[in-house]
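From just these sequences and the hints, can you work out the full model?
So the sequence lines, in the order shown, correspond to chains A and B.
Mapping to our numbering: the first sequence position 33 is 33, numbers consecutive.
Mapping to our numbering: the second sequence position 149 is 149, numbers consecutive.
Everything labelled a hint here was simulated from the structure, so no lab data went into it.
Remember, it's a predicted structure, so these values are computed and weren't measured experimentally.
Please note: incorrect hints may appear among the correct ones.
If the Cβ cut is set under 8 Å, some of the chain B residues that face chain A in the computed set are [what the hints assert, rightly or not]: (1) D80; (2) D138; (3) S182; (4) H184.
A short list of chain A residues far from chain B (calculated; beta carbon distances all over 10 Å) [what the hints assert, rightly or not]: (5) P39; (6) K43; (7) H64; (8) C157; (9) L168; (10) A241; (11) A244; (12) T251; (13) G259.
Computed list of lysine-lysine pairs in DSS-like fashion (alpha-carbon distance at most 27 Å, straight line) [said to hold, decoys possible]: (14) K79(A) / K43(A); (15) K212(A) / K79(B); (16) K56(A) / K21(B); (17) K79(A) / K56(A); (18) K212(A) / K56(B); (19) K252(A) / K21(A); (20) K79(A) / K212(B); (21) K21(A) / K212(A); (22) K21(A) / K56(B); (23) K56(A) / K212(B); (24) K229(B) / K169(B); (25) K56(A) / K56(B); (26) K121(B) / K252(B).
Just so you know, even glycine gets a beta-carbon here, dropped at the ideal spot from N, CA and C.
What follows is the residue order along each chain.
2 protein chains.
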Amino acid sequence: MAPHGDKSDAAEEAMVAEAEKRPISTVLIVIAMQTEALPLVNKFNLTEAPDSVFPKGVPWVRYHGFYKDLQINLVWPGKDESLGVDCVGTVPASLVTYASIQALQPDLIINAGTAGGFKDKGACIGDVYLASDVAYHDRRIPIPVFDLYGVGLRQACSTPTLQNELNLKVGKLSTGNSLDMSPHDEASIVANDATVKDMEGAAVAYVADLLKVPAIFVKAVTDIIDGEKPTAEEFLQNLVAVTAALEEGVTKVIDFINGKSLSDL
Amino acid sequence: MAPHGDKSDAAEEAMVAEAEKRPISTVLIVIAMQTEALPLVNKFNLTEAPDSVFPKGVPWVRYHGFYKDLQINLVWPGKDESLGVDCVGTVPASLVTYASIQALQPDLIINAGTAGGFKDKGACIGDVYLASDVAYHDRRIPIPVFDLYGVGLRQACSTPTLQNELNLKVGKLSTGNSLDMSPHDEASIVANDATVKDMEGAAVAYVADLLKVPAIFVKAVTDIIDGEKPTAEEFLQNLVAVTAALEEGVTKVIDFINGKSLSDL
Chain A
1 MAPHGDKSDA AEEAMVAEAE KRPISTVLIV IAMQTEALPL VNKFNLTEAP
51 DSVFPKGVPW VRYHGFYKDL QINLVWPGKD ESLGVDCVGT VPASLVTYAS
101 IQALQPDLII NAGTAGGFKD KGACIGDVYL ASDVAYHDRR IPIPVFDLYG
151 VGLRQACSTP TLQNELNLKV GKLSTGNSLD MSPHDEASIV ANDATVKDME
201 GAAVAYVADL LKVPAIFVKA VTDIIDGEKP TAEEFLQNLV AVTAALEEGV
251 TKVIDFINGK SLSDL
Chain B
1 MAPHGDKSDA AEEAMVAEAE KRPISTVLIV IAMQTEALPL VNKFNLTEAP
51 DSVFPKGVPW VRYHGFYKDL QINLVWPGKD ESLGVDCVGT VPASLVTYAS
101 IQALQPDLII NAGTAGGFKD KGACIGDVYL ASDVAYHDRR IPIPVFDLYG
151 VGLRQACSTP TLQNELNLKV GKLSTGNSLD MSPHDEASIV ANDATVKDME
201 GAAVAYVADL LKVPAIFVKA VTDIIDGEKP TAEEFLQNLV AVTAALEEGV
251 TKVIDFINGK SLSDL
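Right, dumping it as structure tokens:
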């Protein structure tokens, strides 16, 4: 195992407690698609960083700027070099989150994006959800303990005041690398008790947990999974309109966070 | 997009051509499970690096040492902090590959491990395959171009001489985050024309491609997917025995690589 450094657990706990009382200063927003990112880039007057903090050759893009008392970094995994589409899914999201934490040492991560929602759980197109928990629905490993590892359940950073004051819907988020939903995925999503389904959340949660950075998940519903329309069609139809709802939701969250500490959330 | 630096494409191509002619010096072996890693750690007399090149707190483990003219680094994503099982799957593999490339600048990556095999394609328990191509079977995104991105087909580094001289079986590798195989996964595996199925290969290939490091994939068959026995049972039954075949296969590859350049492979 990697060495754990000099500091004792007690000293580390004291540092964490101290950090929770300091005002949040640096926020990292992780977004998978350019269409989801640009309204927020404009809203917060962010500019693309010319001095990349990322290795040469990767398509990852960082926008940054100051908004009120916050230093905001918005990262997006960019476009696939050969195919030209957004690098969606868990692997690019985990890599750009990892590299951004290493370079920027954020106080808080916001994974924002669009998601599918279940109407049986109360979701409607354009709803903005704050995830209480995140888990995977496409990592089935039917060996004891490995099965739990596969699900990878993690709680989002606790934000009871933010939830109450902003009146955002709260639900569980389930993550998988497919836009569609196979019967096996569906069974796992039901087991995860999920209201919203995305393609990155659980991977961002994994990296945030690994590097001990608190993370929250803001997801706007583009398509109703248990509705009549095919997911891909409904997703593309609503993507641009719902990014406006996402921008509004994330702005409310950022405005609320400004000047507060983690323990105020 | 991230800046592409000062060098012209022509100068970069010349550097790559030059690198292909230099003897391979540093090899990075990426392995998902401790049981798969230890026979190779012993074989090459590697020792666990006390000065971690990885961030504090991550469970990733690096073993290193010199074997013949090669500097060998073997990395393994370690055990899940709360559950104690190996961190299998695409996200930990991609993260540890990324961090290792950044820290160690290897000339060649070998992703070694166990895999399921299809008897219809000629696979038997204990066979060691070299993958010609790798792709995903659990990233279904039914939108034009995104569908191809999801499959993420990549060719392994071309090694015609190594293949011929070592007499390893060659086949296509398909990657997904589940140990089992749903009907949807099966359809994608058939579309990928895969002979072997693992849980990391395509993610290692993605990161290697992103950072322009050549990669090969050595996979030993622990279970027959289109056979009679349940995968998890057969996998666990054969895991230890098949890691001996994997150790032998990887040793043959390393012995062959020693003293050679990429263009000799």
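Taking the hints in turn, this is what the structure says about them:
Taking 8 Å as the C-beta contact cut-off toward chain A, the hint placing D80(B) at the interface holds, the least distance being around 5 Å. Look at D138(B): its Cβ gets to within about 6 Å of chain A, closer than 8 Å, so that hint holds up. This hint holds: S182(B) has a C-beta 4 Å from the nearest C-beta of chain A, less than the 8 Å allowed. Nearest Cβ of chain A to the Cβ of H184(B): about 4 Å, under the 8 Å cut. The hint holds.
The beta carbon of P39(A) is kept farther than 10 Å from every beta carbon of chain B, the shortest such distance being approximately 20 Å. With a minimum CB-CB distance of about 22 Å to chain B, K43(A) clears the 10 Å threshold, and the non-interface call stands. Listed as outside the interface, H64(A) is consistent with that label: its C-beta sits roughly 14 Å from the nearest C-beta of chain B, beyond the 10 Å cut-off. For C157(A), the shortest C-beta to C-beta distance to chain B comes to about 17 Å, beyond the 10 Å cut-off, and the non-interface label holds.
For L168(A), the requirement that its beta carbon stay farther than 10 Å from each beta carbon of chain B is met, with the minimum near 27 Å. Distance to chain B confirms A241(A) as a non-interface residue, since its nearest Cβ pair spans about 17 Å, more than 10 Å. Remark: the non-interface label on A244(A) is consistent with the geometry, its nearest Cβ contact in chain B lying 21 Å away (cut-off 10 Å). With a minimum CB-CB distance of about 26 Å to chain B, T251(A) clears the 10 Å threshold, and the non-interface call stands.
Chain B leaves G259(A) outside its interface by the beta-carbon criterion, the shortest separation being 29 Å against a cut-off of 10 Å. Taking the CA atoms of K79(A) and K43(A), the gap is near 22 Å; set against the 27 Å cutoff, the hint holds. Among the hinted pairs, K212(A) with K79(B) is consistent with the structure: their alpha-carbon atoms are about 17 Å apart, no more than 27 Å. A C-alpha spacing of about 23 Å is found between K56(A) and K21(B), which places the hinted pair at or below 27 Å, so the restraint holds.
Between the alpha carbons of K79(A) and K56(A) the distance comes to roughly 15 Å, so the proposed pair stays at or under 27 Å and holds. In summary, the hint linking K212(A) to K56(B) is supported, as the alpha carbons are separated by about 10 Å, within the 27 Å threshold. With a CA separation close to 21 Å, the supplied pair K252(A) and K21(A) stays within the 27 Å bound. The straight-line distance between the Cα atoms of K79(A) and K212(B) is roughly 17 Å, inside the 27 Å bound, and the hint therefore holds.
Restraint check: the Cα-Cα separation between K21(A) and K212(A) comes to about 16 Å, which is no more than 27 Å; the hinted pair holds. For the suggested pair K21(A) and K56(B), the alpha carbons sit about 23 Å apart, so the restraint of at most 27 Å is met. Between K56(A) and K212(B) the CA atoms are separated by roughly 10 Å; this keeps the pair inside 27 Å, and the hint holds. A threshold of 27 Å between alpha carbons decides the hint, and for K229(B) with K169(B) the separation of about 23 Å falls inside it, so the pair holds.
A hinted pair counts as satisfied when its Cα atoms are at most 27 Å apart, and K56(A) with K56(B) qualifies at roughly 24 Å. For the hint pairing K121(B) with K252(B), the CA-to-CA distance comes to about 24 Å; that is within 27 Å, so the pair holds.
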